[in-house]
Amino acid sequence: MKQLLILSGKGGTGKTTMASAFIKFAQAKVFADCDVDAPNLHLVMNQSVEPIRSDYYGLPKAEINPDLCVNCGLCMQHCRFDSIIEDDGYTIDYYACEGCGVCEAVCPAGAISLNPAIAGELMLYKNDSVFSTAELKMGSGTSGMLVSEVKKQMKEAAGDADFAIIDGSPGIGCPVIASISGVDMVLIVAEPSVSGISDMERIISTAAKFQTRAIVCINKYDTNIVNSEKIEAFCKSNNLPFAGKIPFDSEAVKAVNKGLSIADVDCASGRAAREVFERTFEIMFPITN
Amino acid sequence: MNIAVLSGKGGTGKTLVSVNLAAAAGKSTYIDCDVEEPNGHLFFKPEQIESEKISVKIPLIDDALCNGCRKCVDFCKFNALAYVGSKVLLFDVMCHSCGGCSLLCPQKAISEIDKNVGEIQKGVSEDVTVVTGIMNTGEASGVPIIKNLLEYIPSSNESVFIDCPPGSACIVMESIKDADYCVLVAEPTLFGVHNLNMVYNLVKLFGKPHGVVLNKCLEGDNPSEKFCIENRIKILGRIPFDNELGTLNSNALIVARESDKYRAIFTSLLETVTKEVQHETAVNS
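Protein sequences appear in the order of chains R and V. In terms of full-length UniProt numbering, the first sequence opens at residue 1 and continues consecutively. In terms of full-length UniProt numbering, the second sequence opens at residue 1 and continues consecutively.
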């Protein structure tokens, strides 16, 4: 199964708008939302079934048994994450703890244990298509691990589908690295602003570090034609395939607010997205005969 | 007065709001904690840049001393170590720098070395001090850089504007730790409300006083505004969707420095925020 991941370096550039349109155009049977910090794809992928929900356990968290604690302070001295609080005995700052286990290892009184902690929830919608998504519990770390779980859940349910479309997470850090791992191609959605170009260059460099093929499109290209031309020129000089550009379209906002994708309504952005989709799939599935 | 600017997602206008609030405030400090995609410096174009490299500790294994007991490999909760072909291998991207492996190695075969993960740049733009954290591409976590960034908060009582990373995960919590007030920026869409709800829950959890700036306001329904009214969240201001503003902003210009019209919007927003912070301080003292 080939996997296409949609990334942008930053949220708000239209990743989910593009992903939802691609899913409709391709009549994708398998798709996932890897933006576990702020998943939005489910808002426009109306599902007729209830999802199968399962708890996601991130790394365990430390706990101090006050009855056994001898107040030696070794745990606090060795914790690199400032997660031991000294206040009439020692306790753990649940949010700061990364579950590394150093405190448990150094405690001479056996007062510290690492306990499983729910860090989020996985959801799998299964009807005529498979949609894997999740939501990280607020303030939790280890979102990269949850992203891997979302993809694993997707693959296990995928059956013999030819391809999957994955809505990625913003940024260039651990969740993005986890989303890139194992995918065949990355579609980068760029915005024609100075900030957008900087974000695009950083995500291209990240994808290149993981040796993943990238293709670029521009969203809201007409909000700054000069910058859009710069992006096209950048792609050309860096030998990156360019998939096309989509105009700013207030119809797109209206569609989203009705819970629809831009592929569901006749609008300028939807028509342009179809061209981007066709070019992307031509590159992903080259005709070989 | 430390003001953190947050949103559930990138692209809602966090950088627009925090950069322009700092510009409107005059003598102030702007700190860009969105270390994965720092953009504030593109607007400020700071001068007299001083930079500081940021590094984390990673283990260095002395193969000559290692006897293959695998205590380190078994201990590492992050799967950053593996024992392959009678050698301990390190996957440094996975390492959380907890120091456990070097602490526990019975052979004293593991020491720690510095690994560069990014840098902090400090400069000035007119009378704003601009501090930016930049994470190297290919790194997993920006938290060590953010921890260092917050040490740049001046001890004087000048205003500090913290441009936070998107989302509501650990990296955002780190950024709002020292904030006196949180400004949440929201877009007028269904996505916008969903994301606003996440950061709203985060600031409530941490008991931070907060208010909302509605950005990109269009005619017609604003689901985010409705959410604020229903949940009795203070609306600090509204920024209209405006082509001229959009163009200035996409060319990385500071709108409050470019036109009186926009300067007025952000000066008035700053006044509202300042009043709120003073009110909160009075209530809590």
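Hints listed in this document are in silico derivations from the structure and should not be mistaken for laboratory results. Ideal placement from N, C-alpha and C gives every residue a C-beta, glycine not left out. Check each hint, because a few of them may be wrong.
Residues of chain R clear of chain V, computed beta-carbon distances all greater than 10 Å [what the hints assert, rightly or not]:
| hint | residue |
| --- | --- |
| 1 | D37 |
| 2 | G182 |
| 3 | D199 |
| 4 | T206 |
Pair by pair, the computed Cβ-Cβ distance ranges are [claimed, not checked]:
| hint | chain 1 | residue 1 | chain 2 | residue 2 | range |
| --- | --- | --- | --- | --- | --- |
| 5 | V | P240 | R | D67 | 58 to 66 Å |
| 6 | R | M76 | V | L60 | 20 to 28 Å |
| 7 | R | S48 | V | S111 | 55 to 63 Å |
| 8 | V | K53 | R | E278 | 55 to 63 Å |
Results of checking the hints against the structure:
Its beta-carbon lying about 4 Å from the closest one in chain V, D37/R breaks the requirement of being farther than 10 Å from that chain. The claim that G182/R is not at the interface with chain V holds, since no C-beta of that chain comes within 10 Å of its own (minimum 15 Å). Listed as a non-interface residue, D199/R fails to keep its Cβ farther than 10 Å from every Cβ of chain V; the least gap is roughly 5 Å. Listed as a non-interface residue, T206/R fails to keep its Cβ farther than 10 Å from every Cβ of chain V; the least gap is roughly 5 Å.
The beta-carbon spacing between P240/V and D67/R, approximately 60 Å, falls within the hinted interval of 58 to 66 Å. Between M76/R and L60/V the beta carbon distance is about 26 Å. The supplied range of 20 to 28 Å therefore holds. With their beta carbons about 58 Å apart, S48/R and S111/V fall inside the hinted range of 55 to 63 Å. Against the hinted window of 55 to 63 Å, the Cβ-Cβ separation of K53/V and E278/R comes to about 46 Å, which falls outside the hint.
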